[in-house]
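Chain order of the listed sequences is A and B.
Using numbering that gives the first Met the number 0, you'd call the opening residue of the first sequence number 0 and step up by one each time.
Using numbering that gives the first Met the number 0, you'd call the opening residue of the second sequence number 0 and step up by one each time.
FYI, nobody ran anything at the bench for these hints, they're computed from the structure.
Glycine included, every Cβ here is placed at the ideal spot set by N, Cα and C.
Don't take each hint at face value.
As the list claims (entries may be wrong) - With beta-carbon atoms standing in for the labels, derived distance ranges: (1) B/Ala81 <-> A/Pro154: 41 to 47 Å; (2) A/Pro199 <-> B/Ala130: 34 to 40 Å; (3) A/Gly523 <-> B/Arg175: 49 to 55 Å; (4) B/Lys44 <-> A/Phe522: 28 to 34 Å; (5) B/Ala81 <-> A/Thr616: 52 to 58 Å; (6) A/Thr585 <-> B/Pro68: 32 to 38 Å; (7) A/Pro543 <-> B/Arg175: 38 to 44 Å; (8) A/Asp220 <-> B/His23: 19 to 25 Å; (9) A/Pro521 <-> B/Lys26: 56 to 62 Å.
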Amino acid sequence: MGSIFRLPDDVANQIAAGEVVERPASAVKELVENALDARARRIEVAVEGGGTGLIRVSDDGLGMSREDAALCLERHATSKIKSAQDLETVLTMGFRGEALPSIASVSRFVLTTRRADDEVATRIRVEGGQKGPVEEAGAPPGTTVEVADLFFNVPARRKFLKTPSTEMSHLTDAVVRLALARPDVGFRLLAEGRSLIDAPPEQGDDPRGRLGRILGRPVADRLFPIVQDPEPRRIKVHGFVAAPDVSERTSRGLYVFVNGRFVRERTAQHAIQEAYRPLLEKGRYPVVVLFLELDPRTLDVNVHPQKTEVRFQSSTDVHRAITAALGRTLQPAPWLARHLGPAPAPERVYRLADPTPSGLHLDEPRGNSPSSHGPAFVERARSLHPPPRPPAFDAKARGRYVPDLGFGFGLRDRDPNPVLPLPNPGGPEEPTNFGDFSALEPIGQALGAYLVCQAPGRLVLIDQQVAHERIGFARLKAAQAKEATAIQPLLVPLTLELDPTRARTMEAERGRLLAVGFEVEPFGGVTWLLKTAPAALGGVELAPLLIDLLDELAAMDAATPLEERLDRLLLRSARHAAIKSGVRLTPEEIRALLRQLDQIGAPGFGSQERPLFLEWTAPELARLFYKS
Amino acid sequence: MSSAPLPPKNEAELLTRAAALAGHSLKALAEALDRRLPEDLAHHKGWVGELVEQALGATAGNRPTPDFPRLGIELKTLPVDAAGHPTESTFVTAAPLRIIGELSWADSPVRSKLARVLWIPVEADPVLPLAVRRLGSPLLWSPSPEEDRGLAVDWEELTTLVREGDFSALTAHHGRWLQVRPKGADSRARTQAYGQDGTLEATAPRGFYLRRSFTAALVAAHYHGGGGA
Chain A
0 MGSIFRLPDD VANQIAAGEV VERPASAVKE LVENALDARA RRIEVAVEGG GTGLIRVSDD
60 GLGMSREDAA LCLERHATSK IKSAQDLETV LTMGFRGEAL PSIASVSRFV LTTRRADDEV
120 ATRIRVEGGQ KGPVEEAGAP PGTTVEVADL FFNVPARRKF LKTPSTEMSH LTDAVVRLAL
180 ARPDVGFRLL AEGRSLIDAP PEQGDDPRGR LGRILGRPVA DRLFPIVQDP EPRRIKVHGF
240 VAAPDVSERT SRGLYVFVNG RFVRERTAQH AIQEAYRPLL EKGRYPVVVL FLELDPRTLD
300 VNVHPQKTEV RFQSSTDVHR AITAALGRTL QPAPWLARHL GPAPAPERVY RLADPTPSGL
360 HLDEPRGNSP SSHGPAFVER ARSLHPPPRP PAFDAKARGR YVPDLGFGFG LRDRDPNPVL
420 PLPNPGGPEE PTNFGDFSAL EPIGQALGAY LVCQAPGRLV LIDQQVAHER IGFARLKAAQ
480 AKEATAIQPL LVPLTLELDP TRARTMEAER GRLLAVGFEV EPFGGVTWLL KTAPAALGGV
540 ELAPLLIDLL DELAAMDAAT PLEERLDRLL LRSARHAAIK SGVRLTPEEI RALLRQLDQI
600 GAPGFGSQER PLFLEWTAPE LARLFYKS
Chain B
0 MSSAPLPPKN EAELLTRAAA LAGHSLKALA EALDRRLPED LAHHKGWVGE LVEQALGATA
60 GNRPTPDFPR LGIELKTLPV DAAGHPTEST FVTAAPLRII GELSWADSPV RSKLARVLWI
120 PVEADPVLPL AVRRLGSPLL WSPSPEEDRG LAVDWEELTT LVREGDFSAL TAHHGRWLQV
180 RPKGADSRAR TQAYGQDGTL EATAPRGFYL RRSFTAALVA AHYHGGGGA
């Protein structure tokens, strides 16, 4: 007897379910896509326990006959394609015929369906893949699928599910994407009976009403339609881009749809980020709802059962089409001048000392007037062409340090593999310690971002934004310890109209937000009120901060210890409160900042820490300049 | 909420009720209380205050006793602009001109009214239609010793002028935090007070008001970002 066996259908379905139904969100995605393919005008998704208890998807679509209802639960039974050739031109959301039997194999499943012309509906129950009899039932036209106790018979899979709250967030994301793609179809999402999404079908072609309901009005109000290419193109790009002031700290606001299907696609995401690069700070992502329409024969959607990946025949063409479309839209936009600032001065002279009490700013263009106080290397730089650029190095580098001082005689020109002293990144074990900062002699501010200081035998550069962040963090942490005095009510509560995903996060994370001083209260649907904030954050714009905090919380692993979670929230808050790079500081302000750094002690906040300062000793600098 | 609630039993209950109103619009509150929203406040002065009193179960109205007599708490709405600055001075109580000379700060109606105040900020930026203006976070407040001393100084300055019958000298310019201003919807309204020769004279009724600088300082001290964030 051979050792290879054909797997029974129920086992094969369970294995397939592992790919198609990763979690409740993927089950919902499959079921809603089926409803869309059945030409539903309204779809309701009701969920309990984050989808692990119950998922019920009801639609008013075409419904199925008794025979089709029975057949659709067989593996690879589909009405959407008939041959391999059809795969090349498939435009329906589903086509593999895997979803329903897969879901039914790992849940307690009830399918109820009725065509408009049929007098009675058909109902089939399946428990863990075991089909019950086909019954008659009373039901309105359309299809309802109930999925209870998902993965009840696959403990290994159930074990890997996250908390109901996290699963609900994924599930909400899935419905959001589907609802964004189809404004013509009405969507409702109910969690434990509470409405998270209530988006009626939009009339006409303008999807802005839908964008407002799904992304929240504040974001939708800052969305601008992508300017269409006047020439017809093989790749059509349309949709909406947000003004840069509604940027986010994760890429979750990038919604890319290919032929109506939400995809995670690197080419498109990269093209979007490229288009926004001059407009956004590093680490920030835009909000973009982008639709690509192209010949289905030029892409492969059958990469993965979940169909969230696609392969383009020509990624280059897609990249080019997106950057061109976004360029057309973003370049003439009014915010551009504000974000890019004035054009750089044709020539800059960097001064390193200024005896006047007005302070000194190394980035200030001074024309060609010579300074009698600059050290030798600055004098040398001044005589060189092209004009100096700021040093380009990675402050986080821990390996060999290869500075490009940009003075037209790069060190690499002399030695392709120089072994040079590393600048000392700030840290407890470094020569400059907390307690030492006020002893530094401030020389000035460079590039609007760094404080240049010296101590006997040392040159120290301090990142002023990081300095402010650390001081803010330390204050928030101290204020948090005092609790009662640390929190203040808002004069008038802030109304936050959130997107459904963030509303879910808000609901789940109320306790943690309160622990760091933000008291929030539900105010109907996806609207929340912010009632208090930490006193130490006076003057900070709270709405964008709250959005960032929610995203931070959503991104945290469930295993993250409570204290680290709170610290990360405090750090995020401190970043909002920090004086950003580019803000001029007077010498008094610089000295005050140095004193404050000493007062806070060594704060440190884990892996997100960026270096506070870099320093070079005189011998290290001498070696950099090849002085013997 | 379809009708006015009973007076609150204690401070905590009052504060809970007031906190629950925060963030709600005047329109929503008026609808909940079956009250008609006026076209504007120019001809309905005091409407917002009455609405909030009704919502919280206050009973005293403009009588000299506190709005919540059992709790000894006075209710004051505090109109604020978009930057969180108070838009007008706050009426405290009518000035009892005939007897004012006999009252010390300790037993003055002003001190009694301000002993415990529930402040309710209300959006009042002129560009906001009345319907969408919202109620703010409540603040249950008593004067600090320093504030009490400052108010006492103002009381002495103002009442000395009344005691001496020098009504013409008593203008809104007197008093650092507390001021006395004519009070009354009708500018022809008259009340009686003792003049410089000791006889009763007819004069405009007056009221004690807290200056905006005083309430602005309260906002700055007690609210996030000084009320402006």
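Going through the hints against the structure:
Separated by about 57 Å at the C-beta atoms, B/Ala81 and A/Pro154 break the suggested range of 41 to 47 Å. Take A/Pro199 and B/Ala130: their Cβ atoms lie about 25 Å apart, and the range 34 to 40 Å is violated. A C-beta distance of roughly 44 Å is found between A/Gly523 and B/Arg175, which places it outside the suggested range of 49 to 55 Å. Under the hint 28 to 34 Å, the C-beta atoms of B/Lys44 and A/Phe522, about 30 Å apart, fit the expected range.
Judged by the Cβ atoms, the range 52 to 58 Å given for B/Ala81 and A/Thr616 holds: they are separated by roughly 53 Å. In this structure, A/Thr585 and B/Pro68 break the distance hint of 32 to 38 Å, their C-beta atoms being roughly 56 Å apart. Take A/Pro543 and B/Arg175: their Cβ atoms lie about 39 Å apart, and the range 38 to 44 Å holds. A hinted range of 19 to 25 Å for the beta carbons of A/Asp220 and B/His23 is consistent with their spacing of about 23 Å.
At about 20 Å, the CB distance of A/Pro521 to B/Lys26 disagrees with the hint of 56 to 62 Å.
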